[in-house]
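Undergrad: Each chain is listed here by its residues.
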Amino acid sequence: DAKTTQPTSMDCAEGRAANLPCNHSTISGNEYVYWYRQIHSQGPQYIIHGLKNNETNEMASLIITEDRKSSTLILPHATLRDTAVYYCIVRGETSGSRLTFGEGTQLTVNP
Amino acid sequence: DTGVSQDPRHKITKRGQNVTFRCDPISEHNRLYWYRQTLGQGPEFLTYFQNEAQLEKSRLLSDRFSAERPKGSFSTLEIQRTEQGDSAMYLCASSLGDPRVRETQYFGPGTRLLVL
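In order, the protein sequences belong to chains A and B. At position 68 of the first sequence the residue is numbered 92 (this note's numbering), and the sequence of numbers has no breaks. At position 95 of the second sequence the residue is numbered 379 (this note's numbering), and the sequence of numbers has no breaks.
Simulated from the structure, these hints should not be mistaken for lab results. Predicted model, so just to flag it, every value in this text is computed and none were measured. No residue lacks a Cβ here, since even glycine has one placed at the ideal position from N, Cα and C. Any given hint could be a false lead.
[Unchecked claim] Partner residues aside, some chain A positions facing chain B, computed with beta carbon under 8 Å:
#  : residue
1  : Cys36
2  : Gln66
3  : Gly67
4  : Gly74
5  : Tyr111
6  : Ser121
7  : Arg122
8  : Leu123
9  : Phe125
10 : Gly126
11 : Glu127
12 : Gly128
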């Protein structure tokens with residue numbers, strides 16, 4: 025699986041959009057970008073995934089650059105409950121079924 | 285609640301003792317995964333099952349670790365002769381197991397193990 029690079033930490037004001045970047049410059053054509061988050065002392069929670077096109081669901085939007093070398097997870101109106109570690113994961117069909125987590129980005133939403 | 289459940293949520297044991305954790309996946313999910321997470325790190329893959337068959341094991345899964353899924357439903361993870369380095373959060377996840385679709389894994393709350 026391609027390696028991902030994320031900032032160690034980010035801050036966001038409550039009610040504002042949180043934009044979390046992820047670099048995956050070695051991504052290959054059949055690899056998807058997944059995002060999970062982990063609130064303190066809980067299991068990881070699936071957020072969204074995508075291949076080429078931008079994706080949106082009830083939780084977030086995923087913007088993938090045209091060259092697919094980077095992506096941004098957008099939480100449109102961050103709340104205090106969005107404070108968590110956010111993991112960007114690149115996963116291909118040859119990786120079997122495992123998810124390979126990095127260290128993620130600690131997002132802190134401030135009141 | 286129809287999500288992945290794990291039991292116990294917390295376990296404190298003394299070095300050298302054996303411990304066993306249980307995971308109940310989402311009911312229609314055929315695949316079940318175990319991960320381990322140490323403080324400040326992301327989860328690391330240990331092993332996964334397709335129904336009752338254990339299909340892949342990580343090099344992290346030493347001889348002291350054994351996982352089973354005897355009837356293709358719940359799974360157990362046993363650690364024999366625990367060591368202080370086994371202290372971690374043990375996470376279970378499940379997915380549908382349909383090879384026609386890209387799998388999304390759903391995680392349980394984890395079992396936090398402390399070895400004294």
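Undergrad: For every hint, state whether the structure bears it out.
TA: Structure-based check of all given hints:
Residue-level restraint check for Cys36(A) is violated (minimum Cβ-Cβ distance to chain B is 21 Å; threshold 8 Å). For Gln66(A), the interface hint holds, since its Cβ comes within 8 Å of a Cβ in chain B; the closest pair sits about 6 Å apart. Evaluation of the Gly67(A) hint against chain B yields a held restraint, the C-beta minimum of about 4 Å falling below 8 Å. Interface hint at Gly74(A): violated, since its Cβ lies 11 Å from the closest Cβ of chain B, which is beyond the 8 Å cut-off.
Interface restraint check: Tyr111(A) against chain B, minimum CB-CB distance 6 Å, threshold 8 Å, status holds. Interface restraint check for Ser121(A): the shortest CB-CB distance to chain B comes to about 5 Å, inside 8 Å, so the restraint holds. Hint status for Arg122(A): holds, given a least beta-carbon distance of 4 Å to chain B, under 8 Å. Look at Leu123(A): its Cβ gets to within about 6 Å of chain B, closer than 8 Å, so that hint holds up.
Because the closest C-beta pair between Phe125(A) and chain B is about 3 Å apart, less than 8 Å, the hint holds. Using the Cβ-Cβ criterion of 8 Å, the hint placing Gly126(A) at the interface with chain B is satisfied: the shortest such distance is roughly 6 Å. For Glu127(A), the shortest C-beta to C-beta distance to chain B is roughly 6 Å, which falls under 8 Å, so the interface hint holds. Checking Gly128(A) against chain B by beta carbon gives a least distance of about 6 Å; that is within 8 Å, so the hint holds.
Consistency note: the structure conflicts with the earlier hints numbered 1, 4.
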